[in-house]
Amino acid sequence: MAVVETKAAQAASEDKELLISGSEAVAEALTLADLDVVTAYPIRPYDTVMQAIAKKISGGQLTAEYIVAEGEHSQFEIVKHASTVGARVFCGSSGVGWAYAMECLVVTPPLRVPMICLVGNRALDDPGAFGVEHNDALFVRDLGWMLCWIDTSQEAFDTTLIAYRVAEDRRVFLPCAISADGAFLTHSQAITMVASKEKVDRFLPRYNRGDLLLHPDNPITVAPQANEDWVIEIRRQNDEAMKRAYTVIEEAYADFRKVFGRGPENPWFEEYMTEDADVILIGMGTISLPMKVGIRNMRAQGKKVGLVRLRWFRPFPTEKIVAALSKAKAIGVVDRNYSFGSPFASGVVANEIRAALYNSDKRPPLLSFISGLGGREVTLEDVYKAADLCYSAATSGKSDARTHWLGVRE
Amino acid sequence: MADATFSNATQVLEPFRGIKKVTIEEYFTSGHRTCQGCESALIMKLMVKAAGPRTIVLGSTGCMYVANTTYYTTPWVVPWMHTQLGSSGSAALGTAAGLKALMKKGKMKAESINVIAFCGDGGGADMGLNGISATLTHKDYNCLILLYDNESYANTDIQLSGMTPYGANTTFSPPGKVIRNIHTRWKKNMAGMMAAGHPECRYVATVCGSYAVEMMNKVRRALTIGGPTFIHSLDPCPKGWDYDPMLSHEMGELAIETGLFPLYEVEDGVVKYYGKTKALIEGRKRKPVREYLLKQGRFAHFTEEDLGYFQAKVDEMWEKWEIPAVIPFRRLDASKAALEVK
Amino acid sequence: MSALICEVVYRGIFQKNLASRITRGIVLSARKAGRWGIAFGRYGDSPQRNGIPAKDFAIVADTKEELEQNMARYEPKHVDVTICVDDTLSKGVESWAWYGLQPINKLTVPNGTLLMTSLQSPESLLKDIHKKDAPYKLSLIPAKASFAGLWVYREDHTEVRILGALAKIAPDFLTLDAVSQAIKESEWGSDLKVASAKKAYERIETREIKMTEGNGEIPFSFEMPKWWEMREGVTIPAIPVGKPKEAGKGYVPERNPYFKKYTTRTMRPVIDFDTCVKCNLCWISCPDSVFDVMPDGTFDAAMEACCGCGVCEAVCPVEHCVTMVNEQAFDDNASQWEMWRKDKAAYKTWLGTKIADKKTTVRSHGFRFRGQYDQELKAELDSGGVEITAGIPGENAAHKTV
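Protein chains in written order, with my numbering: chain H, 1 to 410; chain S, 1 to 342; chain Z, 1 to 402.
Hints listed in this document are in silico derivations from the structure and should not be mistaken for laboratory results. Any given hint could turn out to be false.
Stated by the list, open to error - EDC-like, lysine to aspartate or glutamate: derived pairs with alpha carbons at most 20 Å apart:
#1 Z:Lys77 - H:Asp229
#2 H:Lys362 - H:Asp276
#3 H:Lys304 - H:Asp278
#4 Z:Lys278 - S:Glu25
Using the sequences and the hints, build the whole thing.
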């Protein structure tokens, strides 16, 4: 018995290296975070995380209420309510499943429910397709959800722990969706460092619902119906919570680096070879991987290209991104989403960065690209084409207003 | 690590033995904006009076949200939270699951807390049906779903729901010069459906606010038995039905005396009629439905033909159904059965 | 170049159709002289509740431009004419939490008009109508409140009598001819109704009200919290638990301080504590948790919370133990039980006078049985269109027949 205990104690204090998918990495993090309530409903590709959690539950590594709902609407409502009585909750979906839950996604920010979700990014119907597009997660970009994109299993593990730390901070209390590109992260396995329980406990305090706890010992009325006398004040409170999240995210990454000895200095985005770059390409998610390869090859030919990979889309790191981009001669935003009929028919990220740069004294020409829709691979050729177009804009000092579609049969 | 003291036990709530024995405390008080003579507000009051202080109430969108619980206009003494129109089932399940997880893992003091989610006929019988149905299959969670049925989307301006009676005048079914009755559907049999379709739901009951003590005792029974349970309450609505608010109780009584709405409970599969419905089963004559219908403005356009149709449908419930007024199944009579075999 | 702004203050649902006929009638009448107008209800009142005070508005102007400044609004800041179709609303209007008690003449402009249907004298109405910091006119049409239900409309001519009176009050905007023409053209119009409108035009009684006249009560009001003062998560505190009435006996629930609901009331229960058999039925049946349990086991109706539905009277098994009496017979919300405890004999006399008056005990709310209105229409219109009928339907109607 004693022997077992010491073994257990050892295990608890040891990091381990596993070959796992992004979804499995999230499940590892949830187990260490001692998740309380989780709800599942099948839809590809996010549901690999629920399969992994189910194994953890039946295997006894995780004690949590595991409920298979009868649809995404209930799936999200169940965890929303579990969270209000103080439970640490997890949920997730993909594509039209996320759309089916929309009503419930809308209510979590004003209710200040720190729900963490995995969105396995998937193209929206029709046609039914399993491949990645970012439009699903972007549904909630204006509603008070924190949104981030990851590009490796390791980042999936780390970001899950960070997301709980931030969302469950009383200053924030907002839901957070972690986006993982369908297939590339949800269905492919990579070597991942899974930290020890002891470290996770040091980093992640227990969720405390405080004065918003729904319990007979804290009698409150939550979300009564309101008229025009109240709603704008309630929206203003949400606005403030999202503003507070900037500080809380910075704090969380700093502590993460202290406890785990890894993690980025800059939580908001990854900068790759941007110090001396003439051209900076911008993207979210696994699109960064072909880009990095392409950038290395172009640099071999003397083209100074760099990459900014956006991690946090909400809250949006406006000042930092402006500082990072305005030093380039031209920038190119590669969106894995569409916004039909938007300014310049650009993708969502391109228009956000345009808006961010508007008040800056130095505004490099900005080119916008749409690529990799429906899971189409982003090739090196696509990356070269984007960089070359940016280079010509850099020399002309002008950006053509067109949005370029990469890798589409023409 | 699991807390040894945790068990999934429910509160044991003995029935109130008569109106004098009803608890004096109010857990739902003044401050709501519901109509004069609102039976649904009364049902809310009786519901939490029966459940007691260690209770959490979840309310889906509807009159009992918009009129009953407006910002800073709450009548609730016990903790209350809004849930979406179709979410009464998920709200009950999620709240019960959250409490269970935290108590089981020793993160919250272990105790039995009643979880009640209510829905109107629109939120329950229309939009929320799938969520309620799913919850009634989760036998490990203790929660009660109470459907307050005022027979229309009364809050949004009285539009017809799947529970609106045949022919009733609503803003979605106005009687016209050419078409007298736009609404020709017969209302759903919710309690029967829930009891018949969910083998592990141990308790389903129908109640009416006109019989307050009986109503409260059904709530207490449901909470004591535990697991997911379901109660269907018929709530006369002076606004949508168009009658003098002081007649709310009389309307409830007439609904039962005419046999239109039966009072019964199904505990572990056994059907028990009670109150005036029991008397009807034991042979007391049903009052003609016209006595009920013609007291309500929503039926003021009815002709003798409509009244006849209505009466015939109610007679069918009592004379043709295998379990009268509960489940619309019929047994093949012997001669017909013989033909079927050939 | 000017505009006429009218508000109709009425009882939710019961008078919804009536108010809409009046505001539409104003706009359509003014249209006869080529004017522009809009008719709308106060959005915050919708969805309406039985009896809860509500407002509709009609605004007519010479030009579209003048109209625009009054459009895209929930409620005008001031009105030229306040029309009140239930005189028990003269005690004030509270339709939402945090609105506070709004005097019936709150929006009426200086020297504007408060037009009411009432069988009361100006003097008795002024016991209820709050004082105003400017003079105004009080115009009366002799009539009982018109409580048609929602689906069934009682044709008691109230809408046309109001329109006829308005032609007298604001002839520059609605001439009697224009009003008569508009009535004729409406789907509910008739020659008889035109006649009623003309009669009202002739018979309307108007009296100047001085700043010194009226109810001196300071209406309760609230200061709304700032966004950073409100609890996050759309969360508010619950109502605290109640306490015993006194010396550990009885029970008085805590009540929401931000919405009192008594302005919803047209009738209030008057209780005979001497004949009360302590059956608990009123207490258990009240949807508004109005009945406080007294140390002696009787029940006192908390008048700040009571909205006057009358269920308590309907369920009370004792004749004249709970009797609904019209609000006009009362000037305050004082506790009946305390009055009774102080001087039982005096209370008995007070109670007797209150419940003996048929005029104040008759009910006129909503639809009761098919053909009801046809019967009532037999009554002569000047009495208010409704004869004082005896008998109150309800469990023990038989006993209650006067």
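Hint check:
no.	hint	verdict
1	Z:Lys77 - H:Asp229	holds (16 Å)
2	H:Lys362 - H:Asp276	holds (16 Å)
3	H:Lys304 - H:Asp278	holds (5 Å)
4	Z:Lys278 - S:Glu25	holds (17 Å)
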